[in-house]
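Chains as they are written, first to last, in the numbering used here: chain A, 7 to 293; chain B, 8 to 317; chain C, 4 to 328.
Calculated from the structure, these hints are not laboratory results. One should not assume that every hint holds.
[What the hints assert, rightly or not] Computed beta-carbon distance windows for the label pairs: (1) A:Lys25 <-> B:Lys131: 25 to 31 Å; (2) C:Ser307 <-> A:Ala191: 53 to 59 Å; (3) C:Asp116 <-> B:Val12: 23 to 29 Å.
Model, not experiment: these values are computed from the prediction. All C-beta atoms, glycine included, are put in the ideal place defined by N, C-alpha and C.
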Amino acid sequence: MESKRKKQSQLREVWRRLKKDKTAMVGLFIIIVFALAVIFAEQISPFHNAIRQSGEHRLQPPSADFIFGTDAFGRDIFTRVLHGGRISLSIGFVTASASLLIGGLLGAMAGFYGGWGDEVIMRIMDTLMSIPSILLSLAIVAALGANMTNLLIAITVASIPAFTRLVRASVLTVVEQDFIEAARACGTSDFRIICKHILPNAIGPIIVQTTASVSGMILAAAALSFIGMGVQPPQPEWGAMLSEAREFIRTAPHMLVFPGFAIILSALSFNLIGDGLRDALDPRLKD
Amino acid sequence: MIKFVVGRTLMIIPILLGVTFIVFTILYLTPGDPGRMILGPQAEQIAVDMLNEEMGFNDPFFTRFFAYVINVVTRFDFGTSFRTRQPVFDEILIRFPYTLRLATAAVVVASFIGIPIGVLSAVKQYSLADLIPRAISMFLAAVPLFWLGLMLILTFALTLGWLPSSGVATWRHYILPVTTSALPTAAGLMRMTRSTMLETIRQDYIRTARAKGAPEGRVIFKHALKNALLPVVTVLGGSFGFLLGGAIVTETVFAMPGLGTMMVNAIRMQDIPMVLAATIFIATICCLVILMVDLAYGFIDPRIRAKFLK
Amino acid sequence: MSEKLLEIKDLEVIYKTDLETVYAVNGINLSLNRGETVGIVGETGAGKTTTALSIMRLLPSNTGVIPNGSITFDGQNILTLKEGDMRAIRGERISMIFQDPMTSLNPVLSVGDQIEEALILHNHEKRTKEQIKMRVEETLELVGIPSFRKNEYPHQFSGGMKQRVVIAIALACEPELLIADEPTTALDVTIQAQVLAMMKELKDKMQTSMIMITHDLGIVALTCDKVAVMYAGEIVEFGTVEDIFRSEKHHPYTIGLFGSIPNLEQESERLDPIDGLMPDPTDLPAGCKFSPRCPSCMEICKTSPPNDYYDGEHRIKCHLFNIED
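So here's chain A without its partners, still in its complex pose:
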């Protein structure tokens, strides 16, 4: 009970500091707006608008009817960006959570138990890290085939090593401290030590990395979809939309602008929140 209350007041303190950080608040605001838009996408503009083709409305610039204009098939870009957001943001969240979960588990085990298990896990991670991540993702997509699920797997696998390393390092700094030794001496079980002592103390950098990595994941997914190795048409994903827009760069540049801004704004917001959290969790680091 006591530690729970302490934890809460700690969280409140972090939130208080974060609230003062204007750029982080701008990021949070944008993300909330995007999240709401994506959640209520169907109510704002139904999905069939995103795939309904219309010969007479091809490549129209933004107007009152189509506020973001239309694409080469006469589809409403606003609706496509909206529903594309569902896909792009979900990819970001799912891959970040999955890599955190898998990488975190591996890293925590490696850090806590050490020994040969640590050695094996970390050597594998070193090896994975020496392949540029987009290349690794690409190889996975090449083997499994280009679709949404495989894209998720590809991006997750490529991001696991970074999380494993981070969590291992965080756990190691905590494990070496005296209070863990004390807990061990009292006969506390490993599981309890990990959950009660290590995770709460190592959580700061992990939260920061996870938040910031969402933007990396969104960018990676967009890049893979752009080169045709991710989400396939007619699904409205931001990177895939830009890939289609490329052919009409001369005649309909508006097709490039809106999905591009959607990617930039969401990636930027996650970076801003990540930076803000880093400063709020550890004020000493702030420069």
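Since the structure of chain A is already known, use the hints to place chains B and C on it.
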């Protein structure tokens, strides 16, 4: 010293073997029949089976893996393309110079932009010379490479007509792709340089230098810069790898005939040996670059140098 | 040539950040004659290092402000000097030895280069390269390091040896004033004695004046002619070593300081440390800064700051003595 160089060099062998193993395993999972892919849908089943047998595609996984490694090591034989039936390594050697040129130019440009601006922004912390570069780098960290490339094409090639938008015929063709690749890396280097520089100029030995009466420029360039750049140098190796990976996207945007476009095409064609070879090749180059950076680091930093001299 | 080398008058230093203002030094007066050594003693956070950095004009540029006071060095107020003129003084006429030798040397430059730099920066005698090299070796030998080690890097030296290098850098240009900021705190006790003895010897040889900052009264007794006791940014007592160690009259804080070190000659049950903590420098007490911890605190102490009480050169900032007179 020789011991350090040799020891460090030998360390990449297991990593390269690991990389080969991982990539080989991933691509082993590819569904489909290699013989069928080579001969096409019209070929007779018996011919397909014979080819599979002859090429060793029916062998167990480890037999195939070791055969592959031995071929690569002894003869630089990375296999034969399903599509062209030519050795894939020949194709890689034709394509690689474009990618290498792009990535090298980009890393050089990024260093020349990112590092000085990072230093400036740390020295002038909280001034406009700090805030503006930071805002720009924040933005660049969120911009997709390909979108940046398309915007540069739209502006400088299509609207202004200053530069060509695709191809590799002259050095002018490289300006937009190199800029595209370099800018996000420059932003990363700038942020990194800024933070190491800020940390360095707070060190006690910087105060010692000032206490000697050293002018500010000397304090920054002689005392702070070398210490601040040591961690940045290690990141440069990683950046090069990132740029080689990013080249896949950049080359697609600017229609450059490098390894990246080759790989994308190979994936579309299900030309697995090509994908396998290109991935291993690029990963090997990355490892070699990181190795070189590590060695260079050993020469620059007296602490590491001394450790291996003993 | 004036007898008086350095005179600090009413010096105030604050550290100003967006969030708070730290009152680090609050109107101190201190003077130093040529060849003399003044010790500044006090707890961590009393403003000793800030005073030293003010003399060097090396306060953190973005936060440190000197709203009041003057520091006169050899007849010049150095607080109004141009930065370029100040640089000519720094390292040549005034140099400083820093607290932590482990971090005070640049890890990527050889120790020889680091000593040489001071000589190159202040090369009035137009020494040739060879002469400068000679001088570097000479200085190293002077601090007891064999000159062949000049090409080695700081990490190859032990703590005590590093501090010798730091001292060599400070003494390379034979300064008129040497500020030593806890030069031995980071060293082992046996090394401390060696380094101190060496410093004293070199100082006497070079006729250098010195400000010795320390919290160790033993070091004060060993090296200093005069002592300033600092508390919460003020000099609460100042006098000769005899005044401080032998006189009957003392500031209660000085008595407390002596009470918190073990005395071998006097048998006592336990040490007698000062109760409480140093006041928050962002929110100092209105009257005497020591009043909240003072065992002989009176009503007046809580409201009005005491003036200096003089007994010859011995001065004490305390109401106890002002009232008696």
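Here's how the hints hold up against the structure:
At about 28 Å, the CB distance of Lys25 (chain A) to Lys131 (chain B) agrees with the hint of 25 to 31 Å. Distance hint for Ser307 (chain C) and Ala191 (chain A): a CB-CB separation of about 55 Å, consistent with the stated range 53 to 59 Å. Remark: the range hint 23 to 29 Å for Asp116 (chain C) to Val12 (chain B) is upheld by a beta-carbon distance near 26 Å.
The structure meets every hint from the earlier list without exception.
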